Structure formats: C-alpha cells, structure tokens
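Same order as they appear, the protein sequences are chains A and B. To convert, count from 1 in the first sequence and add 8; that's this note's numbering. To convert, count from 1 in the second sequence and add 8; that's this note's numbering.
These are calculated hints, taken from the structure and not from any lab test. Owing to the predicted nature of the structure, the values given are computational and were not obtained by experimental measurement. Treat each hint with caution, since some may be false.
Identical copies look the same in the list; a pair holds intra-copy or inter-copy alike.
[Unchecked claim] Straight-line Cα separation of at most 20 Å, EDC-like style, residue types lysine to aspartate or glutamate; simulated pairs:
| hint | residue 1 | residue 2 |
| --- | --- | --- |
| 1 | Lys38 | Glu178 |
| 2 | Lys57 | Glu178 |
| 3 | Lys76 | Asp566 |
| 4 | Lys433 | Asp294 |
| 5 | Lys49 | Glu178 |
| 6 | Lys447 | Asp427 |
| 7 | Lys559 | Asp114 |
| 8 | Lys57 | Glu36 |
| 9 | Lys48 | Glu178 |
Here is what each chain is made of, one letter per residue.
2 protein chains.
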Amino acid sequence: MNFLACFVLICFFTVPLVEGRVRHYKWEAKYEFKSPDCYKKLAITVNGKTPGPSIVAQQGDTIIVELKNSLLTENVAIHWHGIRQIGTPWFDGTEGVTQCPILPGDTFVYKFIVDRPGTYLYHAHYGMQREAGLYGSIRVSLPEGESEPFSYDYDRSIILTDWYHASTYEQVAGLSSIPFVWVGEPQSILIQGKGRFNCSTPGIQAGLCNATNPECTPYSLTVIHQKTYRLRIGSLTVLSALSFEIEGHNMTVVEADGHYVEPFVVKNLFIYSGETYSILITADQDPSRNYWASAKIVSRNSNTTNGLAIFNYYPNHPRRYPPTVPPPGPRWNDTEPRLAQSIAIKSRQGYIHPPPQTSDREIVMLNTQNRINGNVRWSINNVSHNLPYTPYLIALKYNLTHAFDPSPPPDGYDFANYDIYSVAKNVNATTSTGIYRNKLNTTVDIILQNANTIIPNNSETHPWHLHGHDFWVLGYGKGKFDITKDPKNYNLVNPIMKNTVPVHPYGWTALRFRADNPGVWAFHCHIESHFFTGMGVIFEEGIEKLGSLPKSIMGCGDT
Amino acid sequence: MNFLACFVLICFFTVPLVEGRVRHYKWEAKYEFKSPDCYKKLAITVNGKTPGPSIVAQQGDTIIVELKNSLLTENVAIHWHGIRQIGTPWFDGTEGVTQCPILPGDTFVYKFIVDRPGTYLYHAHYGMQREAGLYGSIRVSLPEGESEPFSYDYDRSIILTDWYHASTYEQVAGLSSIPFVWVGEPQSILIQGKGRFNCSTPGIQAGLCNATNPECTPYSLTVIHQKTYRLRIGSLTVLSALSFEIEGHNMTVVEADGHYVEPFVVKNLFIYSGETYSILITADQDPSRNYWASAKIVSRNSNTTNGLAIFNYYPNHPRRYPPTVPPPGPRWNDTEPRLAQSIAIKSRQGYIHPPPQTSDREIVMLNTQNRINGNVRWSINNVSHNLPYTPYLIALKYNLTHAFDPSPPPDGYDFANYDIYSVAKNVNATTSTGIYRNKLNTTVDIILQNANTIIPNNSETHPWHLHGHDFWVLGYGKGKFDITKDPKNYNLVNPIMKNTVPVHPYGWTALRFRADNPGVWAFHCHIESHFFTGMGVIFEEGIEKLGSLPKSIMGCGDT
Chain A
9 MNFLACFVLI CFFTVPLVEG RVRHYKWEAK YEFKSPDCYK KLAITVNGKT
59 PGPSIVAQQG DTIIVELKNS LLTENVAIHW HGIRQIGTPW FDGTEGVTQC
109 PILPGDTFVY KFIVDRPGTY LYHAHYGMQR EAGLYGSIRV SLPEGESEPF
159 SYDYDRSIIL TDWYHASTYE QVAGLSSIPF VWVGEPQSIL IQGKGRFNCS
209 TPGIQAGLCN ATNPECTPYS LTVIHQKTYR LRIGSLTVLS ALSFEIEGHN
259 MTVVEADGHY VEPFVVKNLF IYSGETYSIL ITADQDPSRN YWASAKIVSR
309 NSNTTNGLAI FNYYPNHPRR YPPTVPPPGP RWNDTEPRLA QSIAIKSRQG
359 YIHPPPQTSD REIVMLNTQN RINGNVRWSI NNVSHNLPYT PYLIALKYNL
409 THAFDPSPPP DGYDFANYDI YSVAKNVNAT TSTGIYRNKL NTTVDIILQN
459 ANTIIPNNSE THPWHLHGHD FWVLGYGKGK FDITKDPKNY NLVNPIMKNT
509 VPVHPYGWTA LRFRADNPGV WAFHCHIESH FFTGMGVIFE EGIEKLGSLP
559 KSIMGCGDT
Chain B
9 MNFLACFVLI CFFTVPLVEG RVRHYKWEAK YEFKSPDCYK KLAITVNGKT
59 PGPSIVAQQG DTIIVELKNS LLTENVAIHW HGIRQIGTPW FDGTEGVTQC
109 PILPGDTFVY KFIVDRPGTY LYHAHYGMQR EAGLYGSIRV SLPEGESEPF
159 SYDYDRSIIL TDWYHASTYE QVAGLSSIPF VWVGEPQSIL IQGKGRFNCS
209 TPGIQAGLCN ATNPECTPYS LTVIHQKTYR LRIGSLTVLS ALSFEIEGHN
259 MTVVEADGHY VEPFVVKNLF IYSGETYSIL ITADQDPSRN YWASAKIVSR
309 NSNTTNGLAI FNYYPNHPRR YPPTVPPPGP RWNDTEPRLA QSIAIKSRQG
359 YIHPPPQTSD REIVMLNTQN RINGNVRWSI NNVSHNLPYT PYLIALKYNL
409 THAFDPSPPP DGYDFANYDI YSVAKNVNAT TSTGIYRNKL NTTVDIILQN
459 ANTIIPNNSE THPWHLHGHD FWVLGYGKGK FDITKDPKNY NLVNPIMKNT
509 VPVHPYGWTA LRFRADNPGV WAFHCHIESH FFTGMGVIFE EGIEKLGSLP
559 KSIMGCGDT
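Here chain A stands alone, though its shape is the one from the complex (with noise of 0.2 Å):
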C-alpha cells in the first residue's frame, strides 16, 4: 500500500507536471458499412468511427496508441500528420519508410510525445487507406499556465474530406492499370465526416442510397452569439483543394500548422490536404437564424457539389436549414486570391522561430506528370518514386542493400531548357526507389517548381507535405524559378514555419529546413493518388545516429 501511494504520487506530481502525462488509447480499425454522405460504402474506421477518436492532449505529453488490425486480409499504418517524432521516427508510421505494415491480429504501440501546441492530424498512411476514412484531429494545448497570443471563448475542431463511392482497391486497379484509369472528381465533400449526395442521381444502384439516413444529417456547429470560437480546420482531402467559409462571417487566421500565424482576415480560406489552421470566429451576425458553412472545390472544375454545414446561432434547431442560398464559393480557376493567401501567411511577431540565414544545399523539384510503360504518373526531376517492400529507415540501420535503388536522384532538371508552360516534349520519365541523403544539422532549401501537365495549358495545385520536420516558407512565385535572383527576394525574416505547403499552377514555392531529426522522412504530395503515382521524395539524416530499432517495425521485405 505503501508502495501504491508512492506510485500513485510519484505519477501524480512528477509525471504530470514535469514530463507531461501519459494519454493511452486502445483502437480497433475495421471495415464498417458507413452512409457519411447518404450513399452505404465500406469504410474503415477507428472504433466504430470515421473521422476516428479525436486525440486531445497538452504538449510535452506522451500518446500511446495501441492499433489493434482488424481488416480480416489487410494491413494498415497510421501517420501522425505534423508530430516531428523527435527521438522516435519508427513511429512515424508511414508504410515503406519508417515501419512495415500491420498485418491482421496484430496490435501495433504507437508512442511519441507531442512537443509542440497546435493543430495536427492522424490517418492512415498505407496505399490509398486514408481516403477509405482512418483519419481524425489531433489538438496539443499549452501547458497549465501558459496562453496562446490570442483569445476565444471555445475551442471547436473540423475535418474537411472529399469522399469517393469507389472503393481504394477499385481506384488503385484503375491507377495501375493499362489503359489507366483516373479516380476522377469525388462524389462528395464531408465537412466532419458528413456529406450529402443527390440519391437522384441516375445510374445508382438501388438501395445503396438513402437521403435520409441519419449518417448525412449535416454537421452542425452550434454557437453563442456574440461569443468567440477557435475553429481549427483540417483538410484530408484524397484529390481536392478547398475553399472554406461560413456565411455572412469573417475568419481571422491565427494559426498554420501548429504555428501562429500574424492574423489577417478572410471572408474565406483556401485550405490544402494536409494543412491545418485555426480561425477566430465571432457569432456577431442576426442570431435568429442558422448560416451555412461551405467548403468548395478550387483548382480543378470540379462538377462535385459544395460541402455544407450549419453554423448554429443557439437556441435555433441544429438541423433547421439557414434560409439563404448557400454561398457559391470564389472560382475555382482563379489562382491570384489562393496565391495571395499563402503569401499573406507571416509567423506572428513575437513567436518567430528565424531561418538559418544561408543553406547548404538547395534542391529543385520539377514536378511533371508523364507517362510511364503507358501509365500515367507524377514524377519529381523526371524521376517517379517507388515505394519498397523493406522500408528504408530498417534498411539504412541494418545495410540492407539491394532494398532500394542506391543512386539519388537529381537535385534538378534542365533549367535551361525546360518549358514550364508546355506538355513537356518527351513525356517519358524512369522510375527510382532512390533516396537523397542529408549530412545531419545541415539547412536544405527545397523549392518546388511546378510545370504544365500531359494536357495542354493545364497545370494543377499540389500540396507538399513534409514528416519529420517544420519548414520555413521562403516564398512563392509564378512562372520558372530564378536561382540567381528569387532567392534574393526569400523572406528570412518572418517566414510561417509549416509542414505542408501548396506549390500553385505554374508556379514555385520555396522551403527551408533544418536536417536535425535523425530518421528517414517522406515529403510527398498529399493528393492520395499522386503520392500513390510517384510524386515523392525520401530524406535521410542522421540514421547512424539512432540507436536499435523496435522489433515491432519489422516483419516484411528484407528485414
């Protein structure tokens, strides 16, 4: 007893308030039928849920996640979208890189410790699982005692999604088939896991479809008028860029990625895969009615209806529809408003974390789609990437050689020659398992040039998330890249730290970060099916620096 009460204490004043608490969670994925847009498909989902359990913690404490896999014939990884993984990259659970998959029965341990406040997010990072609906919020909070450098009166999540009636195995038999077969645009939008599709539409197979199941009643926010909420916003979306707003309110940007942001003000906010940000939101508006929230699809002329929700002036029925036409949304092929936000994006004065002034190496990134043994696939440099079966981070440990292609790719096109605004000449392009390798502590600048696609005069938004690691966002620009004179005009003064950053159509995005986590990092496109195509990079730093890895990562290819 005696010994209890010591535990007991020892956890109570030590643990606690010194290294934070331990936040253990026991999850079950599996394949369940869901309707989250009226339409009955299988999805899979995180205790009975898609969007999963929201993980709710305070910086400094330790998250353990014990997944237990129960897909029947399928493996599965989860990532922990914006958690550096300091000290434990063999959790950052990206199939391929860090870990192998999960197979059926198992129960994998996720543990890692969530060192900054902010705004992040989990889901699945194994083939195309994610849009199949493993994701949720994750919400890290300041220690007791500290304040963020601004104030509301509630704090609020939501997930924007778009939803496919296709299943993952469907979409990747068409992307790896000859002819292929593109996904196409997503049947619906789901703010929060609920969407709506028109049940009319023809060619529906009966039965499937139900307008009034209560799985795609309309996510409702309620709030007091006059009181202030902290919404933090989420994309996952498989394909889409999105415009977000609720009707008749203005949003103040407070945060981007688990960083506060210099607050400005839209009326709405373009938001990428894998982006988050918190706005301030003020019920300021007629509290008699409802208002619509509405995320809409930007970049591509997409014929998917709008997402909507129900902002809730309290004491109004939740579900009672706003008696305005929903706002239609900006256009979807105006690039000038989307440009102008990301550049709007400043780290806010007084929470600036400043760039290392110079780099040590500076890579570009052609992004290019071609076409490959008559497949179409998204390729970096010319260089489309292949995921191996061992992933890299057992196979740099343990010199596994022969478990990917040893050659690097390269650290940039054909500047001279290469025409950004035309279907490239020869859409041809190799495919690599090959990897670039960082001396630890040394400063990278990546800058992401996009280019025209296969179609003419069409280049599209990819947004680029990077693991491991926080970037400073130096700058954005049209046209090619200059790497005598842009890099001049690089913001090293205030730059938003991020850890995944559009790059626009036919423009560039440049980056800075720091190669200080050892470990092996994935920094891809988060569009499902250009990850799955070949858009992605591997990093390495640092790996002789790491001790042994845990057996549980292990268990396929080579290892």
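Given the coordinates of chain A, assemble chain B onto it according to the supplied hints.
Chain B only, in chain A's frame:
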C-alpha cells in the same frame, strides 16, 4: 563443361525417371477488373487470369510456385487442395494453420511433390479471398508407361464456381456485423470462369454490366464426333451445391478426388464445393448441332440462373447456341438422388486401398447453426472455431503457448437429448481456437452429423474437406447416427477415398483416416462463409517428428 554435361545427364536420367521433374511456376496475384458474367468487378487474378494458370504435372514431380503478392495492401496464401503435402506440411497454404499470410511485395515459394495422379485444385485460403477469383486446377498424370483403367481420346478440365458482385470485404463486413448480413445467393454460376448475369436486372448501377463483353462469352468445349473425353470437373463454389449435366449425353464417373471410382453412369453429376470428378463422355449424338452444358444450384432454393456452357461438336461454330432450351436440371430440394450418388461412389476393383478394420478414436461432429453475441455462426458440437493469428503449426512446434486455446473441443454432443430435426432449444454456442490432437499413426473415425439450422424445417448440405489426408468414406445415413448400430453397416470392403465429402440435410456421413502425416491440418466446411463463421476444426498429429520449419512461413502473431 564436363561438369555441366554430367549435370544435364543426371537431370535427364535420374530426376525425370526416378524422382520426377521439377515444374517451376512464377505467379503474380493482383487485383484486376474482370467481367466473367458481364458485370465488371475487381477480381484477384493470377498472371492476369481467373481461373489462374493450370498446373499440369506427372506423379512424383516437384511443383515450385513462386507466388508474388501484388495486392498492394492485402496479404494472400494459396492452398493446394487435395495434395497431401507429405513431408511439407508447411506448404499446405492455409493461413492461420500452416503459415503466416504473404505480405504485399513478398514472393513466397511453395515447393511440394504431387505424389498421386488425379484431379486437384488450388485456391486462396485466407479470409474469403477464394471467392475473389484466386483459384485454378491441378492435373497430375500417371508416370510414363503406366495407364489408367479406362480409356479416352482427350483430357479436359473445367472448374465450376458461383460468383458474387459484392466484394469479399463487403461480404465479410456483413457476416461480422450486428445485425448479421447474409451474403445471399450468388449472382451467377461460372463454368470455367464464364457466366452470364442478366444486365437488364433492375437496379444495377449504370455502366457496370455489358452483355456484349467478350469476357462473358460462354465457355465452349469443342469435341469431335464419336470421340471420348475425360472431363475433369472441379467445384470451387463459394456456397452452392451443383448439378452438372450435358444435354443428351450420359456421363460415366471414373475418378473422385484423385481415386478411381467403380464406374457408374449418370445423366447429371452432383458436385459439392471442394470435390473433383473425372467423367467419361462420348460425343455420340447428332453432330450437326451444339448442346448445352448446364450447372444448376441444388439443396438451396436459389433464384440464381443456371450456369451454361456450350458442348460444341466440331465443325459447328463454337459460339453457336444449341437449338434447344437448356435442361432445367433436377429439383433443388430432392435429396434422394444426391444421397444415392454419394452412396454409389465406391473404390474401383483392383484399385482398392483397404481401410483399417477398426479405429482408435471416434469423433462425432454435430453441425449446427448458432447465434453468438448477436451474430450467426456455425459450430461443431456447440463450439464455433476461430482461427488464431499465430499459425498452429508454428505455435505447436515452438511451444508458443497462449497462441490458442489449450482445451480441445468435445468429441461428441448430447446424443440422447439433442433433436436434430428441430431448431435447438438453446441456439447459443461458444467460440474457441482449440484443436484435436491425434496420436501419430492412429486411426480416427469422424461422423459428421447434420441437424436443423436456426430456421425451422431447414437443414443444409455441407461439403467437408480434410487437408493433408485422404479419408475412407465408410457410409452415409439419414437421421441421427446411432453409435452402436450404424458402424455395423460401414463399408469396409471397397470404400472410396476422398478429401471432400458432403453431409446431406438431416443426415450423417462417416469417415475414417489414418493420422499418419505429421503436421497440423484443417478439416472444414468448404462453403466460404461457413468456414469463416466457425465451421471447421483442426487436427494435429506427429508434430514432434517435424524438423525445423521454413522461416518463410513466419512473421505474424507470436512468431
């Protein structure tokens, strides 16, 4: 050069004649869109085909199948159905019993000897993947110079299956969910991978069904007038018992599951999932036209259209429809002719393997349908079997206790008080991973006792398949097996040996086998959803005689 010449000579003279040839196959399992019955769905193919490539070998040959798993996120395992795997129990291909599942990207090498001539099958044995299309045929011929006790001009193989439009995942989700969702009747019957679904069926999603797709052209078996054909027929139905016939032609049954049958003539052949038969058929009818081959569902009141193929008399066009209405087939609920056929199958004179006249152990297995925690399950003696995630073979060999339930399932049921003709008073049952352990080289009798399901006045047909052994079929009976009287009527003179046998509605089937093959072996109902919901048991014998297990079968559960 001398060494090479010597090696070639050894191969030529020693291996082929004395030890059998090595037959080396390289297979890739993959998801691809197929329209075997005109309806497009994802199927698991082997080298692009479903049914997959046939294995054609000679008695004593060594089969090597290098199976590459290209299913992206899903594992796989293939069972060699009817091959006893003497000395290679680890290559039986039964996930959870003899091996861990094969991970995506991995290549697993199966290596085994086909030690008996005859007609066998292969199929996935993991989750419910068999029904996704991963199956094919194995034909083992006699050694050169030996001949069968019957003659024919040509040798042909066909496999019968039933086919669902819902994915394996959708079916499994229904079977595992509360409320329980039954998979229902199949959408079509496939003869050698070809069937025909009515694309005009109301409620079908637009664009998925195309009646003019050449993939669903009926299978056509071309024959020459007055020639005799050995037709090897296997059934790998998911659910259905079938009656197969060729309009206007008698069939002489000569082989069952690799054993010669005392010939008998039938108009239609009843065949259950997991069985194979060779029939002789002479093309002795009017050669100016084609004839229908037809497969009809029996034992269930199914609305599934009969499967049709064309028995094509050369030189008529192979796709020319016969001028007649296809034969309707027997009544679905007439058990008598099915029982009569079962009883008619005896071992051929001169080829009888005499059974042991007594047995060392007798296990009566009551087959019941039950409810467990709100789900519908199947049980043996009120125990519904669950597969563990650590394969039994590995757990037993390396004493991995906790891998499965240590208590064995019961050897019988409450004979005196159980009414097999009624729904059980208590339909509950328990689940277990426990197994039956037999002493090596003992003789075991199994009596499969059928009963009423949870629906009044309903008893189904269950085809039971034993891995690693052939058993003698000692008898069939109606009603409740009498442990005192019925064994006196066992056929101990010329019982057929088989690996799969039906137990008819409200009837019993008695088997005897020698527990002489060290390893761990599944014995289960071959209906995919029945095994999945508990209708199986596991036998172990002589595990102590096995040397070390191949590493390739490990990597899951506690291994």
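Outcome of the hint check:
1. For the homomeric pair Lys38 and Glu178, the shortest alpha-carbon distances inside one copy (19 Å) and between copies (12 Å) are both at most 20 Å.
2. Only between protomers do Lys57 and Glu178 lie at most 20 Å apart by alpha-carbon distance; the minimum there is 17 Å, versus 22 Å within a single protomer.
3. In this assembly of identical chains, the alpha carbons of Lys76 and Asp566 lie at most 20 Å apart only when taken from different copies (15 Å versus 24 Å within one copy).
4. Taking the shortest Cα distances, Lys433 and Asp294 never come within 20 Å of each other, neither inside one copy (57 Å) nor across copies (64 Å).
5. In this assembly of identical chains, the alpha carbons of Lys49 and Glu178 lie at most 20 Å apart whether taken from the same copy (13 Å) or from different copies (8 Å).
6. When the C-alpha separation of Lys447 and Asp427 is checked against a cutoff of 20 Å, the pair qualifies neither within a copy, at 32 Å, nor between copies, at 76 Å.
7. In the homo-oligomer, the alpha carbons of Lys559 and Asp114 lie at most 20 Å apart both inside one protomer (13 Å) and across protomers (19 Å), since each shortest distance falls under that limit.
8. Taking the closest pair of Cα atoms, Lys57 and Glu36 come within 20 Å of each other only inside a single copy of the chain (10 Å); across copies the shortest separation is 35 Å, beyond that limit.
9. In this assembly of identical chains, the alpha carbons of Lys48 and Glu178 lie at most 20 Å apart whether taken from the same copy (16 Å) or from different copies (11 Å).
Checked against the numbered hints above, the structure breaks hints 4, 6 and satisfies the rest.
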